[in-house]
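Taking the hints into account, I'd like the entire structure generated from these sequences.
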Amino acid sequence: MPDEDGRLSLLLSLADDELIIGHRHSEWTGWAPHLEEDIAFSSIGQDEMAHARLLYELAEPLAGRTPDELALGRQPKEYRNAVICERPNGDWGYTIARHYLYDTADDVRTRALEASSWSDLADAVKVIRLEETYHLDHARAWFTRLAQGPVTARDRLTRGLEQAVAESLALFEAPAGEEALLADGVVARSSEDLLAEWLGQLGSDLEAASLDYVLAAHAPVGDLVPTSSGEAEERPTLEVPGIERRDGRWVHTGAFAGEGGRRGRHGEDFQALWEEMTALYRQVPGASW
Amino acid sequence: MRAWDVLQRRRPGEEWEHVGAVKAGDLEMALLLARETHFRHGEATDYAVRRRGDTEIHPAGDTTGIGGVIDRAYRRSEGYAGVGARLKKVHKLMAERGLVIDKARPPAHRARDGEDLHAG
Amino acid sequence: MTYEERVAAFKARIDAGEKIEAGQWMPDEYRQSLLKFIEMHANSEVMGCLPEREWIPRAPSLKRKLSLTAKVQDEAGHGQLLYRVAEELGKSREQMWDDLVNGRTKFHNVFHYPAETWGDVAVIGWLIDGAALVTQKALLDCSYLPYVRVMRRICAEESVHLRHGEELTLELVSGTDEQREMFQDAVNRWWRPIMHFFGPPSKPDKDVLLYWGIKTRSNEDLRQEFFSTYVPKLWDIGIAPPDPDLRYEDGEWIWSDPNWDEFWQVVKGNGPKTKERLDRRKQIWDHHAWIREVFEGAARVAV
Chain A
1 MPDEDGRLSL LLSLADDELI IGHRHSEWTG WAPHLEEDIA FSSIGQDEMA HARLLYELAE
61 PLAGRTPDEL ALGRQPKEYR NAVICERPNG DWGYTIARHY LYDTADDVRT RALEASSWSD
121 LADAVKVIRL EETYHLDHAR AWFTRLAQGP VTARDRLTRG LEQAVAESLA LFEAPAGEEA
181 LLADGVVARS SEDLLAEWLG QLGSDLEAAS LDYVLAAHAP VGDLVPTSSG EAEERPTLEV
241 PGIERRDGRW VHTGAFAGEG GRRGRHGEDF QALWEEMTAL YRQVPGASW
Chain B
1001 MRAWDVLQRR RPGEEWEHVG AVKAGDLEMA LLLARETHFR HGEATDYAVR RRGDTEIHPA
1061 GDTTGIGGVI DRAYRRSEGY AGVGARLKKV HKLMAERGLV IDKARPPAHR ARDGEDLHAG
Chain C
2001 MTYEERVAAF KARIDAGEKI EAGQWMPDEY RQSLLKFIEM HANSEVMGCL PEREWIPRAP
2061 SLKRKLSLTA KVQDEAGHGQ LLYRVAEELG KSREQMWDDL VNGRTKFHNV FHYPAETWGD
2121 VAVIGWLIDG AALVTQKALL DCSYLPYVRV MRRICAEESV HLRHGEELTL ELVSGTDEQR
2181 EMFQDAVNRW WRPIMHFFGP PSKPDKDVLL YWGIKTRSNE DLRQEFFSTY VPKLWDIGIA
2241 PPDPDLRYED GEWIWSDPNW DEFWQVVKGN GPKTKERLDR RKQIWDHHAW IREVFEGAAR
2301 VAV
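Protein chains in written order, with the working numbering: chain A, 1 to 289; chain B, 1001 to 1120; chain C, 2001 to 2303.
For the record, the hints were derived by calculation from the structure and aren't laboratory data. Heads up, some of the hints might be wrong.
[Unchecked claim] Partial list, derived from the structure: chain C residues whose beta carbon lies under 8 angstroms from chain A:
1) Q2073
2) E2171
3) T2216
4) K2282
5) W2290
[To be verified] Derived DSSO-like pairs (lysine-lysine); straight-line CA-CA distance at most 30 angstroms:
6) C:K2036 x C:K2275
7) B:K1103 x C:K2233
8) C:K2091 x C:K2268
9) A:K126 x C:K2203
10) C:K2268 x C:K2206
11) B:K1092 x C:K2036
12) C:K2063 x B:K1089
13) B:K1092 x C:K2063
14) B:K1089 x B:K1103
15) C:K2268 x C:K2036
16) C:K2106 x A:K77
17) C:K2063 x B:K1088
18) B:K1088 x B:K1103
19) C:K2206 x C:K2282
20) C:K2233 x B:K1089
21) C:K2011 x B:K1088
22) C:K2036 x C:K2233
We put the beta carbon where it would ideally sit given N, CA and C, even for glycine.
Right under this line is the structure:
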């Protein structure tokens, strides 16, 4: 699909994130570990999928494809979601960790998009943010209760965060054509800038819960390491992931874990998800359901 | 795990009306869960919870986005307003194709489904 | 008043059409019958989520992905409402859930079966929900008011589900040949479980639930209403139920007696999907005991 237009790339990145994470959230519907939570989380999943639909509608004239064609009719390498979204739900600990990381990140990027020079997008984002308030409240409430809860609960959250945090940075992997969008004011702030803001905030939140060691575990191994001779030996910097603490703040350096989602690079998890999600749509092409 | 009674009212100053309950560990969770359990279809915007056995009522306060902001027709009756007419059209289509099964049936049976039970 | 006298007076009130409110005195047999009935209903709602929810990840359009999720969400919501009513009658939800996932209590036969195709989703959404709505509307006349109040809300939501199911059906029958076939095939597979759903023709004078006004209509009466509502519509859209004897004659529907052995096996817990679904529920329930600890306010970690 031709993608010279940075606006299309931006829309698909956002929409695909929302669709895929909404898809994952909705996999808990009917199975969640607490009945009222099943209902609440199902609303959150529906919201995300409805947001995706709204963004696909904006993308339709640019892509020349309907929202359903975009959501269900592309090949895996055409989806622009960050890979964190496609990971299976695991248990509730991972689910909450990812929900928390995703929705805090989404809050940072959508707040910036409210200032977009593209008024259709700004308007869509404003509506989306009205619904996202609940998602954030929900995620924070669970995060706090697990972090401050009994040992097992805290442990489950920590494990979830350890698994999810590295790949969640790639939510801020820039979509193709971001330079032009910055020049136009379609995006007011670069992805790298937004990542810095989110990571700083995340670092504070985790420190407050004494969970910042989750970030420390991901520090790059390219630091100088003294050898037995006493000389410092430089080791090759690992590409991924790059989080380190500088001047009292957590910052991103280097590449991204799970990089490439925004360019259509997905793995087995996405392949399995895509096959399930699109099989019936593709089985009877053009059918009305 | 405590039960929390869930209350709603249409306008400030009106009496609170009991609509159900939720099970939650604390007040904040009770308010979060009550919102979707009892008000996701736009039943009310002003709600509160009260811990079972207590007298104090805790209003939800800011209820931005309750009941959904984006079009939710897919989960409301107005989203399906045309279905009855559609059935008639499909019947006609099937008749044209000679597919209708023409067997004896009860006289002028008025289906009771589709009644608006909110009025009941 | 002796206990027997109180019971007789209570029964007289029921027979006179009076309703019972929460917290009022009730005979032990009434309470137990009511609790068991509502518990089974609640179980059925949450187990009823499971056939259709298999198609949420596979829904063939964004609209259906959303609407199917919302519908299943509502079923969970109905379970939540019904467990609440049952709890008031003296059994905790935790205990009811534990009994359900460990196979000690029952749920309706139809939710022990798989949803094999999108045609099944349409059949479940229209015909099964239709069957359920017939029985649920009858429960609006139940003698116990807290249940009646919840049933009003459930029936209102189910009416939307019904229209949704009807819409799915109409798309299939007026769509491609493959889609029509998909729907007819699903009807063929689901017809017997639907017949079973209403239960065997009961003997009204031996029916405890009818005695106490918990149920107000017989199984056969409800099944007849289902036939009258849905069979003409099926015929009108060119779909034939797979019962060659099904016909309307002399003011009633004649239908083939289905194999009731299958019904009894299924409700005892030997349905095609019973074990798999309960095992998964149990696994999630047991694994997430730590969440219940959080909600119980178990000892917090000092941070």
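Consistency of the hints with the structure:
no.	hint	result
1	Q2073	4 angstroms, holds
2	E2171	5 angstroms, holds
3	T2216	28 angstroms, violated
4	K2282	12 angstroms, violated
5	W2290	4 angstroms, holds
6	C:K2036 x C:K2275	22 angstroms, holds
7	B:K1103 x C:K2233	12 angstroms, holds
8	C:K2091 x C:K2268	22 angstroms, holds
9	A:K126 x C:K2203	61 angstroms, violated
10	C:K2268 x C:K2206	21 angstroms, holds
11	B:K1092 x C:K2036	46 angstroms, violated
12	C:K2063 x B:K1089	22 angstroms, holds
13	B:K1092 x C:K2063	26 angstroms, holds
14	B:K1089 x B:K1103	20 angstroms, holds
15	C:K2268 x C:K2036	15 angstroms, holds
16	C:K2106 x A:K77	46 angstroms, violated
17	C:K2063 x B:K1088	23 angstroms, holds
18	B:K1088 x B:K1103	18 angstroms, holds
19	C:K2206 x C:K2282	35 angstroms, violated
20	C:K2233 x B:K1089	12 angstroms, holds
21	C:K2011 x B:K1088	47 angstroms, violated
22	C:K2036 x C:K2233	35 angstroms, violated
Hint violations for this structure: numbers 3, 4, 9, 11, 16, 19, 21, 22, all remaining hints satisfied.
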